[in-house]
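Whenever a hint applies, use it, and build me the whole structure from the sequences.
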Amino acid sequence: MSLDALYQEIILEHNRRPRNSREMTDATARVDQHNPLCGDELTLWVRLGDDGTLDDASFKASGCAISRASASLMTSAVKGKSRAEALELGEKFRELVTGKLDPVAAKGELGSLVALGGVSRFPQRVKCASMAWHALREALGDAG
Amino acid sequence: MSARREDFPLLVNNPGLHYLDSAATSQKPRAVLDAMRDYYERDNANPHRGAYDLSARATERYHDARVRIAKFIGLQDSDCLVFTRGTTEALNLVATAWGGANVQPGDEIVVTGLEHHANFVPWQQLARAKGASLRICPVTTDGRIDLEQLKGMLGERTRVVAFSHVSNALGTINPVTEIARAAHAVGALAICDGAQGTPHLPVSFDALGLDAYAFSGHKMCGPMGIGGLAATRALLESMPPYQFGGDMIEIVGDERSTWNALPHKFEAGTPNVADAIGLAAACEYLDGIGMAQVRTHELALLGRAQDALLAIDGVTVYGPGVNDRSGVLSFTLEGVHPHDLATILDQQGVCIRAGHHCAQPLMRRLAVPATARASFYVYSTEEDVAALAAGVARAKEIFSNF
Chain A
1 MSLDALYQEI ILEHNRRPRN SREMTDATAR VDQHNPLCGD ELTLWVRLGD
51 DGTLDDASFK ASGCAISRAS ASLMTSAVKG KSRAEALELG EKFRELVTGK
101 LDPVAAKGEL GSLVALGGVS RFPQRVKCAS MAWHALREAL GDAG
Chain B
1 MSARREDFPL LVNNPGLHYL DSAATSQKPR AVLDAMRDYY ERDNANPHRG
51 AYDLSARATE RYHDARVRIA KFIGLQDSDC LVFTRGTTEA LNLVATAWGG
101 ANVQPGDEIV VTGLEHHANF VPWQQLARAK GASLRICPVT TDGRIDLEQL
151 KGMLGERTRV VAFSHVSNAL GTINPVTEIA RAAHAVGALA ICDGAQGTPH
201 LPVSFDALGL DAYAFSGHKM CGPMGIGGLA ATRALLESMP PYQFGGDMIE
251 IVGDERSTWN ALPHKFEAGT PNVADAIGLA AACEYLDGIG MAQVRTHELA
301 LLGRAQDALL AIDGVTVYGP GVNDRSGVLS FTLEGVHPHD LATILDQQGV
351 CIRAGHHCAQ PLMRRLAVPA TARASFYVYS TEEDVAALAA GVARAKEIFS
401 NF
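Protein chains in written order, with the working numbering: chain A, 1 to 144; chain B, 1 to 402.
Since the hints were derived computationally from the structure, they do not count as laboratory data. Glycine is no exception: its CB is placed at the ideal position from the N, C-alpha and C atoms. Heads up, some of the hints might be wrong.
Subject to a maximum C-alpha distance of 30 angstroms in a straight line, what follows is the list of computed DSS-like cross-link-like pairs (lysine-lysine) [claimed, not checked]: (1) B:Lys151 - B:Lys130; (2) A:Lys60 - A:Lys81; (3) A:Lys100 - A:Lys127; (4) A:Lys81 - A:Lys107; (5) B:Lys396 - A:Lys60; (6) A:Lys127 - B:Lys396.
Per label pair, the in silico range of CB-to-CB distance [unchecked claim]: (7) B:Asn102 - A:Glu95: 51 to 59 angstroms; (8) B:Glu397 - A:Pro36: 29 to 37 angstroms; (9) B:Asn102 - A:Pro36: 25 to 33 angstroms.
To spell it out: a stretch of chain B is covered by chain A in this simulated footprint if at least three of its residues, at any positions, have a beta carbon under 8 angstroms from a beta carbon of chain A; those stretches are [stated by the list, open to error]: (10) 312 to 319; (11) 355 to 369.
This is the structure in structure tokens:
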């Protein structure tokens with residue numbers, strides 16, 4: 001298991017300079033997530049347009065590099081997508097981080113999200129990578 | 001140097017492992033594992049009941065284990081050692097049995113900001129159930145109980161002061177006797193969480209002036225699932241039973257029952273004989289090294305580890321100076337979250353804890369969401385310290401290399 005596979009440059013860069021890391025005042029949904037095991041906290045805001053498009057997504061997080069980078073990459077990836085497309089992407093992402101999807105083969109569908117593929121070899125860190133996506137599902141009314 | 005590692009089968013079976021999470025649970029020496037197996041292979045029966053020799057032998061071995069463990073913690077009257085699953089159950093026992101019968105609305109329960117959740121939440125819930133108030137003693141910026149403030153908090157409404165012998169998150173060694181004295185001066189009970197005390201420091205319950213002291217076997221080379229509550233006879237006799245069932249009764253009538261003598265009154269059901277025997281063997285093992293020597297060994301490694309980490313730019317160490325800590329090194333590395341640090345160290349075979357260490361009130365007071373914690377024990381070596389320092393340096397390199 002290589003650390004380089006987990007801590008790819010893109011992850012470290014998103015950790016240091018997260019995109020969409022801001023509060024949103026005109027959000028249509030806000031979700032607070034807390035991992036009691038490690039104390040990580042994340043708040044996600046989304047603005048869903050009348051046509052069901054995710055017009056905006058932002059977050060604030062206190063946590064590890066994996067959870068912050070994942071939230072940064074996720075908010076960037078889902079903006080402009082329909083609700084159904086965003087949920088579908090989330091399903092693909094879940095397959096990626098649980099090792100059911102090959103990062104190289106999934107590059108076309110997942111884009112830069114594949115940088116988190118290395119997490120599949122670190123089972124204790126799958127939760128960190130998934131936290132933002134759990135919040136998104138909840139924000140889109142698909143928790144469960 | 002690694003001679004003592006040879007006593008621990010897990011360390012022998014994992015040669016490259018640098019186990020630095022002994023504050024969470026210790027590894028077990030062969031002597032402990034052998035003692036438990038030996039009991040099951042030679043003497044196992046349900047104690048206190050059978051009218052046959054084997055059961056009498058199991059009873060005797062259980063009793064002998066209690067006497068041995070009582071001796072280890074400096075408790076002369078071994079009937080005042082109640083076996084529990086561990087510290088958590090022991091503290092819940094006191095909070096529930098004593099608190100349930102004695103705490104009134106308007107009373108005050110004092111805990112400290114340094115506590116593990118196991119010595120915080122039971123008192124918080126007792127206060128809520130009884131309409132009492134929970135007062136939380138502040139901690140100093142270097143992670144000590146603020147004694148002046150503590151003394152100022154105590155008064156005639158104070159019924160109990162619950163505090164730790166040693167902080168699990170920072171390693172702070174607290175002045176037990178002084179706190180006990182202050183509690184007694186206002187007529188309050190002094191209850192101490194000794195989970196991190198018994199593994200690392202010589203303990204003499206009879207000399208500490210406490211009303212009760214809780215501890216866990218698995219942090220002191222013993223098995224998981226056994227620990228105890230040492231208490232004064234006066235406290236134990238004044239408390240109603242905690243759980244009801246076999247072993248703890250004397251006469252069971254249709255309408256009412258009477259209770260067995262100490263310590264059985266608090267040990268309902270078939271006891272955990274094998275683990276008690278394992279814990280007694282752990283006491284024997286630790287006494288074979290000598291608790292003063294255990295302390296010396298840990299302190300030397302702690303000092304080296306702290307010097308090595310502080311030589312890395314961006315490392316902050318929490319808690320008081322090394323001489324006032326047990327073998328715990330709680331730290332952060334700027335720009336690297338403790339979980340990332342733990343993953344990177346894990347890849348090099350170094351096991352540390354990352355997070356809030358079951359001490360969320362303390363972490364809020366220190367204003368850090370999480371720390372990394374390395375903790376040392378009798379089998380820790382200088383190689384472990386070197387691997388820790390190298391791993392932290394590697395983490396820094398990974399996170400600054402882009």
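Hint check results:
1. B:Lys151 - B:Lys130: Holds, at about 24 angstroms.
2. A:Lys60 - A:Lys81: 21 angstroms, holds
3. A:Lys100 - A:Lys127: Given pair Lys100 of chain A, Lys127 of chain A holds - Cα atoms ~16 angstroms apart, limit 30 angstroms.
4. A:Lys81 - A:Lys107: Status holds; Cα separation ~18 angstroms.
5. B:Lys396 - A:Lys60: The hint holds at about 24 angstroms.
6. A:Lys127 - B:Lys396: 23 angstroms, holds
7. B:Asn102 - A:Glu95: 51 to 59 angstroms: 57 angstroms Cβ-Cβ, so the 51 to 59 angstroms window holds.
8. B:Glu397 - A:Pro36: 29 to 37 angstroms: 31 angstroms, holds
9. B:Asn102 - A:Pro36: 25 to 33 angstroms: Since Asn102 of chain B and Pro36 of chain A have Cβ atoms about 32 angstroms apart, the given range 25 to 33 angstroms holds.
10. 312 to 319: Since three or more residues must qualify, the claim that chain A covers the region 312 to 319 of chain B is violated, with 0 doing so at under 8 angstroms.
11. 355 to 369: With 5 residues close enough to chain A, the hint holds.
Going through the hint list in order, the structure does not satisfy hint 10, though it satisfies all others.
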